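Peer 1: Residue strings, one per chain:
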Amino acid sequence: MNESPFATPLDELSLQRLRKRCRATQERVYRTYVDACWNLALRSTGCEARAWDVVQDAFVRAFRKPAQLRDPSRFGFWLRRIVVHGIADQYRDRFEASRVDSDEEPVEAAGEPTWLDLERCLGRLGSVDRLVLWLHDAEGMTHEEIAESTGHTVPWSKTRLSRARARLRKMLNAGLPASRDGTGEALHGT
Amino acid sequence: MEREFERDPFGLRAAPRSRAPEDLWQSLSDELDCGRAPARTAPWIAAAAAVAALALAVPLIVDGPSPTEPSMSNPLASTATATPAATGIEALRDAQVRSALLERRIDALDDRSVSAGALERIVMLESELRWIDELISSDPDRLELWQQRNELLGEMGQRYAMNDWQTENPTLVL
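Read top to bottom, the protein sequences are chains A and B.
In terms of our numbering, the first sequence opens at residue 1 and continues consecutively.
In terms of our numbering, the second sequence opens at residue 1 and continues consecutively.
Hints may contain errors.
Straight-line distance between alpha carbons at most 16 Å, and here's what the computed EDC-like set of lysine to aspartate or glutamate pairs gives [claimed, not checked]: (1) A/20 with B/33; (2) A/170 with A/119; (3) A/158 with B/8.
To give a feel for the contact side, a few chain B residues facing chain A, derived at Cβ under 8 Å [stated by the list, open to error]: (4) 10; (5) 18; (6) 24.
Heads up, incomplete: computed chain B residues facing chain A, CB under 8 Å, no partners named [stated by the list, open to error]: (7) 19; (8) 25; (9) 28; (10) 31; (11) 145.
Simulated from the structure, these hints should not be mistaken for laboratory data.
Since the model is a prediction, treat every value here as computed from it, not as a measurement.
Positions of the beta carbon are idealized from the N, C-alpha and C atoms, including for glycine.
Based on the sequences and whatever the hints tell you, model everything.
Peer 2: In structure tokens form, the structure reads like this:
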């Protein structure tokens, strides 16, 4: 199993320098975690502009309040929580929590599923379902962590995950949306 | 322990990862440079509070009674002596001044280290505050919104002061 990039620890000295707002350290720390944050935000929001806002706000918050973190080895996970909160905030602001999913939309010709197909199906999931699915399956977060980060309950997280998987499976099985350029890499490695 | 397939049936963990845009660091760096107030303090709120503070401070200085800082445990209490002649505008200004004072007090407290659980609570309270700020931005003269803001800031201040993020209703009198 690949270890989450958020698991990369920060050393005590770096945390001390962050507390002194050392710009060089901020940039180094940023470059360590930014791709992980970006992928999480982009996959969860499905929108580069929103992902940009979430990631920038998360780093601003982390760099302005590093004193709130006791254990530098947990910096990545602390940052991830801030990112997840930012994403959840966006959903709340846009009243999307109850958005109807578009999984009934017709899909195109069947074929071997590719990453691009999966991406397109993910994009059709409701924003909250997509977030929970990504946090659990891709980020490896537990239901307890998801519930805590999003301000919901464990049963809520389990229900969302189950529903998201069922919908994604249904979309993939019902007739795969064809890759636009046919260059997508096979999903399950044929 | 869950098997890998059960844990990640669609293989999302192995999905291709994209790189963050290069411009993002510059944008972040600019924001850090400009020393903008944290998101919870919308610039217009700070400006409104400053104006209100000035408007309130001048007559108070002239008339005698000096304003007392608001207590975190009673964030709705008036900072100035209430008079029967107090108007709605004065109450609004009073609430705005109190908001600025409470926020300043929290800023002095919120650099302490906190646990991960506490951070969750902080982020949730700050989210709630941002939500109220958004409502205020579209209706800045609504007194009850400012009062809600002060109540929330009062709770945050008490929690920071006591480092208590578990109790439902902290009651420490500062």
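Peer 1: Hint by hint, note whether the structure agrees.
Peer 2: Cross-check of the supplied hints:
no. : hint             : result
1   : A/20 with B/33   : 14 Å, holds
2   : A/170 with A/119 : 14 Å, holds
3   : A/158 with B/8   : 14 Å, holds
4   : 10               : 6 Å, holds
5   : 18               : 6 Å, holds
6   : 24               : 6 Å, holds
7   : 19               : 6 Å, holds
8   : 25               : 6 Å, holds
9   : 28               : 5 Å, holds
10  : 31               : 6 Å, holds
11  : 145              : 17 Å, violated
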